[in-house]
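So the protein lines, in turn, are chains H and G. Just so you know, the first sequence maps onto residues 2 to 318 in the working numbering. Just so you know, the second sequence maps onto residues 221 to 473 in the working numbering.
Simulated from the structure, these hints should not be mistaken for lab results. Treat the hints with care, as some may be off.
Below, computed lysine-lysine pairings styled on DSBU-like, alpha-carbon distance capped at 30 Å [as the list claims (entries may be wrong)]:
| hint | chain 1 | residue 1 | chain 2 | residue 2 |
| --- | --- | --- | --- | --- |
| 1 | H | Lys215 | G | Lys360 |
| 2 | G | Lys348 | H | Lys209 |
| 3 | G | Lys252 | G | Lys348 |
| 4 | G | Lys338 | G | Lys364 |
| 5 | G | Lys338 | H | Lys209 |
| 6 | G | Lys252 | G | Lys416 |
| 7 | G | Lys360 | G | Lys252 |
| 8 | G | Lys315 | H | Lys215 |
| 9 | H | Lys215 | G | Lys243 |
| 10 | G | Lys315 | G | Lys364 |
| 11 | G | Lys348 | G | Lys364 |
| 12 | H | Lys209 | G | Lys364 |
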Amino acid sequence: MTFEDRKGRGRYSSRSDRLFTGLTLVMVVAILFLAGLMVLQLLVASIPAMQALGWHFLVGMDWDPVHEHFGALPFIYGTLASSLLALILAAPLGIGVAIFLAELAPPWFRAPVSFMVELLAAIPSVVYGVWGLFVMAPWLRNMVQPWLSEHLGFLPFFQGPGFGVGILAAGLILAIMVVPTITAVSRDVLMAVPNHQREAMLALGATKWETTWKAVIPYGRSGIVGAIILALGRALGETMAATMVIGNSLDISISLFAPANTMASIIANSYAEATYGLHAAALIEIALILFVITLILNIVARLLVRRVAIGPVRMEA
Amino acid sequence: MDQEIKIEVDNLNLYYGSLQALKDVRIQVSRKAITALIGPSGCGKTTFLRTLNRLNDLIDGVQISGQVLLDGEDIYGNGMDVVRLRKRVGMVFQKPNPFPMSVYDNVAYGPRIHGTRKRSRLDEIVEKSLRDAALWDEVKDRLKGSAMGLSGGQQQRLCIARLLAVEPEVILMDEPSSALDPISTLHIEELIRELKERYTIVIVTHNMQQAARVSDSTAFFLNGQIIEYDATEVIFTRPRDQRTEDYITGRFG
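For reference, chain G alone in the conformation it holds in the complex (with noise of 0.2 Å):
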C-alpha cells in the first residue's frame, strides 16, 4: 500500500433511484494534502464528498457500488462500523451548524459522546480545539455563552473545532466558507492551511481562487465525472482538458 495515499476511490458510481449521479470515479487523495473539488452546481461534487463518511447512507433510494479504500481498508465493506469510521473522517458543512448550546458544550460534545468524561481532560481539549481552529482568543471569555450569538465566520470555526476535538483523520469540507464573508473566508483559508500539517483534507469549492489557493490537487467534476484530476498548479495553467479549461475561465458554469 501507497504511504502517500489515504483514500482511494475506484468505479464508484452513485445512484438516487434511477438517477446517476458518480459515474466511474476514479481518485487518490494524499495523505496530509489539499485535495480541492470542483465543478458547476449539481455536478456531484458534495455528493461525492459524502460518499467519503457514507453520509449518503441517510438519503432514501441511494445506490452505491465500487470501492471506497480509507488506509486500504474498504469503507462499504461488511466490517465497516460505520460510527467509528465517521469519527475518523469528519465533516464541516456549508452552512455553519452548531448546536444550539454553549461554545463550550459544542467542543466538548464529541469527546463527551465518545467517552470523556473528566472534567480537566474535557478542558483540555476544548482549549485546544478551539486553538487549532484558531477561535480561542475570540471565545475564551464566552466558553458559556451561547453558540447561536457568535457570527458567522466564529460558528463556521465552532464547528471545525469540534470536529477537531474528536480527532479526525480526514476532514471533509463542503463549500465551507461559501456562506461567510470575504475577511471570514480569509481566516478560514489560513485555518485550512494549517490543518493540512495534520489532517487529510478534501474540500469542495465553487470559488476557483479559492482551489487555487489552498489546494495542492484539484479534480475537476462534470456531470458525475472526473473530467481531470492533477496538481492545483498543472490544472489552473495547463488543463488538458478543453472542459476544464473552459470551467477554470469561467466560459461555462
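Next comes chain H alone, as it looks inside the complex (with noise of 0.2 Å):
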C-alpha cells in the first residue's frame, strides 16, 4: 500500500487498526484506573488511623502499637534528613559528572561513562543496603565517624557514639542511589541548552569554564533544579537500602550518627506484626503521605525539567 492509498482511507482505515486503538486505549485506561484505585484505597483504609489520631500522627512523637500511641513524627524526620542529607552530598557530585558529560567529553568518551553512571540506578536496592551494611557502615565506625567527632564534634550533627549505621550511612548510601538520576536528567538538560547560547559566549571571546557557568548553567537552571527534586522523590521513596542502614530507631536526634527510621522503612518493618486495625491504618497513612509527597515532587520536577526544553518563557515587556 502506498502513501497515496493510505491518506485516501482517512486516519482509521481498517477494522485491524480500530480494534488495535480500542485495545491499547482499554490498556492506558486499565492502568490509570489502577493507579487511582490505589490512591483510593490507600485513602478509605487510612481513614481510622486519621480519626482516632487527628493532626497528633504528624507531630507526635511516640510510636507505641502496644497502647495504640502513633506519632509519625520521627519517620518524617529520618525521611526527610536522610533524604536531604544524600541531596546535599550527590546534588554537587550528579552536576558536575552532567557538566563533565555534556560539555566537555570527547564523544568516545561520553557513551560509556554515561552507560556506567546508568548502571549505578540499575543495580537493586538491596545490594546497595548489603554493601551499606557490610562494608560502608564498618568504614564509618571505624574511619569517619571518630575523625568527625574529632574534628567537627563541635556541631550537634556529629556527636553522640558512631554506630555505623544511621542517618549518615543511609544519606551516604541514598546518595550513592540517587547520583545517576541527578546525573542523566541534568545532562539531558544541559545537552538540550541550543548551541546558538555557547557560540553566543563563545564569540564574546569568553572561556569554556565561562561558558558553561555564566549561559549553559543557567540557561539550563530549571531542568537542573528538576533533576534534583526528582532525585529528593526517588531518595524520600527508597525502602530497602534505607531501612538496612539506618537502625531503625524509633527517637529524633540531631545528630547524624544515631539511628533512625524513615517513612518506607518503619512500614517495611512492621506491616507483618500490623495485625489490629489501627496500627495497620496507621502505617497505611503513612503510605499514603509518602505517596502523595512524592507524586508531587515528581510532578513539579518534570514541569521543570520540560521547561527548558521549550526555552526560556518569551516576557511581553
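Two chains, two frames, some hints: make the complex.
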C-alpha cells in the first residue's frame, strides 16, 4: 500500500486498526484506573487512623503499637534528614558529572561513562543495602565517625556514639543511589541547551568555563533543579537500602550518627506485625503521605525539566 | 605586510570527517570594508566564516589545513589564544540569540567577563554600544526588561550591541537578517554600513540584493570553493565566470 492509498482512506483505515487502537486504549485506561484505585484504597484504609489520631499523627513522637500510640514524626524526620543529606552530597557530584559529560567529555568517552553511571541506577537496592551494612557501615564506624567527632564534634550533627548505621549511613547510600538520576537528567537538560547560547558566549571571547557557568547552566537551571527534585523523590521513597543501614530507632536525634527510621522503613519493618486495625491504618496513612509527597515532587520536577526544552518564557514588555 | 589587508586566507581546506567542505580557499579581506560571501545553500560560506574565529573547533571531527592570517598572524598557529582571537573576531548569528536576561546585562556581559566591573564604566559601555547598534532610543527606558521581550530585529541589533561592547576588530555576520522582516532588515543593513567606518566586516548572505547593497567586495562560493572574488560592482555587473553569472541571475541556487 502506498502512502497515497492510506491518505485517501482516513485516519482509521480498517477494522484491524480500529481494534488495535481500542485495545491499547483499554490498556491505558486500565493502568490509570489501577493508579486511581490505589490512591482511593490508601485513602479509605487510612481513615480509621486519621479519625482516631488526627493531627497528632503528624506531630506526635511516640510510636507504640502495644498501647496504640501512633506519632509518625520520627519517621518523617528520618526520611527528610536522610534524603536531604543525600541531596547535599549527591547534587554537586551528579551535576559535576553531568557538566563533564555534556560539555567537556569527548564523544568516545561520553557514551560509556553515561552508560556506567546509569547502570548504577539498575543495581537492586538490596545490593546497595548489603554493601552499606557490611562494608560502608564498619568503615564509617571505624574511620569516618571518629574523625568527624574529633574535628567537627562541636557541631550537634556529629555528636554521640558512632554505630556505623544511622542517618549518616542512610544519607550516603541514598546519595550514591540518586547520583545517576541527577546526572542523567542534568546531562539531558544541559544537552538541550541550544548551541547558539554557547556560540554567543564563545564569540564574545568567553572561555569554556565562563560559557558553561554563565550561559549553559543558567539557561538550564530550572531543569537542573528539576533533576534534584526528582532525585529527592527517589530518596524519600527508597525503602530497602535505607531500611538496612538506618538503624531502625524510634527516636529523633539531631546527630547524624544516631540511628533513625524512614517512613518507608517503618512500613517495611512492621507491616507483618500490624495485625489489628489501627496499627495497619497508621502504616497505610504513612504510605499515603509518602505517596502524595513523591507524586507532587515528581510533577514539579518534570514541569521544571520540560521548561528547559521549551526555552525561556518570552516576557511581554 | 599590506596595511589594507586584515585577513589573508591561503590554501584553506576543511573536512567534516571524510567530507571536504572547503577546498583550497584563498581570499584577502580588506580592512574596514564589507566583504560579502554569496553562494547556494551548503556551499561552505558559513563553514568558511566560522573558520575565521575558530568556531568550527567546537564541532567533532573537523580537520583544517592551510593558513588564516589575521594581521599577519596565523590564527591556527600554536601560539594563538583562541579566547583572545574570538574577542578580536566577533560574530553575529543567523538567528538572534540574546541571553535570557535583561537588555543591560546582555550588553554588559562581554565587558564583565573581560574584567570590567565598575558600574559607571559598564553604564558607559552599554549606552555607547546600544547607540552604535542603533538600538538605544528604543530600549533606553527598558534596559532592565528581558531581552526576550524585544522584537526579532531589536534582538538582532542587541546581539550586535553585545558584540560591539567587547570592541572587536572584525565582525563576522552569518545571514544576520535572514530571520527578520524587511523593515528590520533595512535597519540592519544601514547599521552594517555605519559599522564599516570602524570594523572589518565579513557577511554571509543568501540575499543577492543585500550583498549588492552593502558590500564592497563579494566572493562567490560553490561546492566549497571560491569561484570568483572581486569588487561587488564587478561581480554583479560583469562577472568573469559563467557559474557566477548563472547564480546572480537566478539560474540556479
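Against the structure, the hints:
no., hint, verdict
1, H:Lys215 / G:Lys360, "25 Å, holds"
2, G:Lys348 / H:Lys209, "28 Å, holds"
3, G:Lys252 / G:Lys348, "20 Å, holds"
4, G:Lys338 / G:Lys364, "18 Å, holds"
5, G:Lys338 / H:Lys209, "24 Å, holds"
6, G:Lys252 / G:Lys416, "5 Å, holds"
7, G:Lys360 / G:Lys252, "29 Å, holds"
8, G:Lys315 / H:Lys215, "20 Å, holds"
9, H:Lys215 / G:Lys243, "37 Å, violated"
10, G:Lys315 / G:Lys364, "23 Å, holds"
11, G:Lys348 / G:Lys364, "17 Å, holds"
12, H:Lys209 / G:Lys364, "27 Å, holds"
In summary, the one numbered hint that this structure violates is 9.
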